[in-house]
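Asker: Throw the hints in and build the complete structure from the sequences for me.
Position 61 of the sequence shown, counted from 1, bears residue number 61 in full-length UniProt numbering, the numbering being contiguous throughout.
Just the calculated beta-carbon pair ranges, DEER-fashion: (1) 85 to 126: 29 to 39 angstroms; (2) 73 to 37: 24 to 34 angstroms; (3) 47 to 125: 36 to 46 angstroms; (4) 125 to 21: 26 to 36 angstroms; (5) 62 to 20: 34 to 44 angstroms; (6) 82 to 62: 12 to 22 angstroms.
Derived EDC-like pairs: lysine to aspartate or glutamate, alpha-carbon spacing no greater than 20 angstroms straight-line: (7) 63 to 37; (8) 63 to 88; (9) 122 to 5; (10) 122 to 11; (11) 122 to 33.
Don't read these hints as lab results, they were simulated from the structure. Everything numeric in this text was worked out from a predicted model, so none of it was measured. Ideal Cβ positions, reconstructed from N, Cα and C, are used throughout, including at glycine.
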Amino acid sequence: MIPEDLRYTAEHEWVAGDGTGSVRVGITHFAQDALGDIVYVQLPEAGAVVAAGDSLGEIESTKSVSEIYAPVAGTVASRNEALGDTPELINTDPYGEGWLVEITPNDPTATDGLLTAGAYQKITEG
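Answerer: If you want it as structure tokens, here you go:
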């Protein structure tokens, strides 16, 4: 359940893309499973400037409210508007239709410092 072609953060976000354009960000299967049924998502507007590690918004589930963190610094290019009506997409398809935002990184090499699938798997097994 950890796609090899993505990069990851220790806070359970995934990043798709090599940084040469916008990168797509979501939360991992591990994170959505730990959260339980997701009922609400708060995301930044397109055009918002974020720093790596800053809060991007919140995910509310039947169990708790969790922060979402920016894996890279840059500008929010778009957000997944479908989550407003169907936040459960994060549970049913965390690596596909349940994506959160797209960010245009300030530094095209920013994704290089993120975790590989193997390194992320070691975190989730701990």
